[in-house]
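Same order as they appear, the protein sequences are chains Z and H. For the first sequence, the residue numbers in numbering that gives the first Met the number 0 are 0 to 256. For the second sequence, the residue numbers in numbering that gives the first Met the number 0 are 0 to 256.
Source of the hints: derived by calculation from the structure; they are not laboratory data. Here the structure is a predicted model, which means the values were calculated and not measured. Ideal Cβ positions, reconstructed from N, Cα and C, are used throughout, including at glycine. Misleading hints may appear alongside valid ones.
[Claimed, not checked] Pairwise CB distance ranges (calculated):
(1) Z/Asp219 to H/Gly229: 45 to 53 Å
(2) H/Ser28 to Z/Pro88: 54 to 62 Å
(3) H/Pro54 to Z/Asp215: 27 to 35 Å
2 protein chains.
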Amino acid sequence: MTDGRPLILLTNDDGIHAEGLRYLHLVASKLGQVKIVAPDTEQSAVGHSITLYDPIKAHEVMKDGVFYGYGISGTPADSVKLALYSLLPRPPDLVMSGINNGSNLGINVLYSGTVSAATEAAILGVPAMAISLAQKKDPPFGWALTHIELLGRWILEQGLPRGVALNVNVPALPPERIKGLRLTRQGLSKFRESVEQREDPRGNVYYWLSGQGTEDETSDEVDITALAHGYVSITPLFYDLTAHSHREELACSLKKI
Amino acid sequence: MTDGRPLILLTNDDGIHAEGLRYLHLVASKLGQVKIVAPDTEQSAVGHSITLYDPIKAHEVMKDGVFYGYGISGTPADSVKLALYSLLPRPPDLVMSGINNGSNLGINVLYSGTVSAATEAAILGVPAMAISLAQKKDPPFGWALTHIELLGRWILEQGLPRGVALNVNVPALPPERIKGLRLTRQGLSKFRESVEQREDPRGNVYYWLSGQGTEDETSDEVDITALAHGYVSITPLFYDLTAHSHREELACSLKKI
Numbered sequence: 000m001t002d003g004r005p006l007i008l009l010t011n012d013d014g015i016h017a018e019g020l021r022y023l024h025l026v027a028s029k030l031g032q033v034k035i036v037a038p039d040t041e042q043s044a045v046g047h048s049i050t051l052y053d054p055i056k057a058h059e060v061m062k063d064g065v066f067y068g069y070g071i072s073g074t075p076a077d078s079v080k081l082a083l084y085s086l087l088p089r090p091p092d093l094v095m096s097g098i099n100n101g102s103n104l105g106i107n108v109l110y111s112g113t114v115s116a117a118t119e120a121a122i123l124g125v126p127a128m129a130i131s132l133a134q135k136k137d138p139p140f141g142w143a144l145t146h147i148e149l150l151g152r153w154i155l156e157q158g159l160p161r162g163v164a165l166n167v168n169v170p171a172l173p174p175e176r177i178k179g180l181r182l183t184r185q186g187l188s189k190f191r192e193s194v195e196q197r198e199d200p201r202g203n204v205y206y207w208l209s210g211q212g213t214e215d216e217t218s219d220e221v222d223i224t225a226l227a228h229g230y231v232s233i234t235p236l237f238y239d240l241t242a243h244s245h246r247e248e249l250a251c252s253l254k255k256i
Numbered sequence: 000m001t002d003g004r005p006l007i008l009l010t011n012d013d014g015i016h017a018e019g020l021r022y023l024h025l026v027a028s029k030l031g032q033v034k035i036v037a038p039d040t041e042q043s044a045v046g047h048s049i050t051l052y053d054p055i056k057a058h059e060v061m062k063d064g065v066f067y068g069y070g071i072s073g074t075p076a077d078s079v080k081l082a083l084y085s086l087l088p089r090p091p092d093l094v095m096s097g098i099n100n101g102s103n104l105g106i107n108v109l110y111s112g113t114v115s116a117a118t119e120a121a122i123l124g125v126p127a128m129a130i131s132l133a134q135k136k137d138p139p140f141g142w143a144l145t146h147i148e149l150l151g152r153w154i155l156e157q158g159l160p161r162g163v164a165l166n167v168n169v170p171a172l173p174p175e176r177i178k179g180l181r182l183t184r185q186g187l188s189k190f191r192e193s194v195e196q197r198e199d200p201r202g203n204v205y206y207w208l209s210g211q212g213t214e215d216e217t218s219d220e221v222d223i224t225a226l227a228h229g230y231v232s233i234t235p236l237f238y239d240l241t242a243h244s245h246r247e248e249l250a251c252s253l254k255k256i
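Let the hints inform the model, and build the full structure from the sequences given.
Here you go:
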């Protein structure tokens with residue numbers, strides 16, 4: 000059953016019980032009728048993955064004795080597919096994914112489950128935004144709500160170009176200290192990463208991946224820098240990985256073989 | 000220890016024991032010195048995911064009593080990171096990912112573990128190609144080797160623009176029946192997908208995702224069509240998801256809020 004209000008689908012990659020999703024629910028309820036379909040468990044760094052070789056289970060999750068949403072056994076992108084193809088009464092007007100604790104910027108956008116849910120919605124023709132708050136530990140989600148409401152309302156009024164999803168990163172600052180909104184591009188600098196080698200008590204070698212942000216970018220046009228300078232970074236994303244600017248050169252070179 | 004020959008890293012998403020990797024090993028050995036670092040188990044449709052919250056284990060895999068490569072407990076992208084940061088004696092000259100049984104085309108490129116390994120290598124500054132053979136069941140991998148050798152040699156000689164990886168899809172045809180090479184772009188048509196709802200013997204509902212190819216694309220410039228018409232499709236990929244063509248329009252509209 001839907002009323003006349005916009006229908007908004009919420010999902011995330013931290014799982015249906017995450018605090019960030021509860022805050023997103025708070026603010027989305029001001030904008031329309033809200034439905035939640037989200038992974039059962041944390042799915043961080045799952046990238047844009049889907050579940051093809053296992054069945055996906057969905058179960059009703061209650062909060063304070065009231066139906067809260069569907070918890071599913073798949074990924075964020077699965078959640079969006081299942082919601083749109085089966086669980087929702089009609090296509091939603093907006094998909095919101097988040098609020099992630101910690102930013103999703105630069106090349107990390109490729110690994111982000113939060114972002115992949117928004118991209119998946121865009122592929123399926125629904126305006127979407129991924130929202131991340133730039134603080135991993137004890138994130139002050141409440142501070143992000145003003146700007147999320149503003150942007151959600153803007154999308155519901157204006158729509159988005161077909162296939163485009165917004166990757167929104169909010170600084171961990173009180174709303175009045177945020178400098179404004181910046182339309183950005185995805186940073187392309189390599190992250191400073193490393194692999195740490197350890198040995199378990201039985202002498203077996205294992206490895207941990209770790210990475211730190213890059214500071215190579217300096218323009219406020221870039222997501223990483225805009226955020227660091229106190230702006231809400233808004234990157235429009237489109238699901239085309241083709242290296243268009245190199246196609247001609249490579250086509251030429253290929254003709255010679 | 001490396002000799003003077005090019006160093007080639009092989010990986011895949013079907014796991015280190017996959018037949019497609021064995022064929023890739025055959026052909027890559029003609030081009031240089033080969034190292035294998037690949038997931039222990041099948042990782043299809045993992046997309047561009049990495050393992051942050053679990054340690055990654057690597058173990059030596061033998062074939063016919065000889066060291067074959069490292070099997071790791073992570074994803075294809077993890078394999079590339081671990082190889083480059085820790086397991087290889089020096090950065091490789093080429094990363095080859097595959098041979099996947101079944102094509103990786105259009106929007107599915109976003110979900111493909113095979114492709115993500117090549118993209119990851121490109122991010123880390125190494126020329127890379129993902130190779131898929133367009134037959135899921137009993138794939139005739141041997142037919143693809145002529146073109147893989149040709150392209151591998153070409154990359155080793157010419158290099159690739161920095162950050163670019165090639166997504167190569169080979170028709171399931173004997174080499175002499177393949178029409179040639181086509182430099183393509185990623186198809187953007189939505190796949191025809193559905194979710195099938197079923198009930199288990201205890202009455203619990205579960206879902207299967209299923210999808211079929213799209214036929215909306217008609218130009219041989221598009222990966223899907225080029226392959227269907229009997230060409231080897233070669234799509235240059237770059238890890239920038241920014242919707243550049245919509246940035247100005249959105250920046251304008253954002254200024255009004």
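Each hint, compared with the structure:
The hinted window of 45 to 53 Å between Z/Asp219 and H/Gly229 holds, with their beta carbons roughly 48 Å apart. Distance hint check: the CB atoms of H/Ser28 and Z/Pro88 are about 57 Å apart, consistent with the given range 54 to 62 Å. Hint check: H/Pro54 to Z/Asp215, Cβ distance near 29 Å, so the stated range 27 to 35 Å holds.
Violated hints: none; the structure is consistent with every hint.
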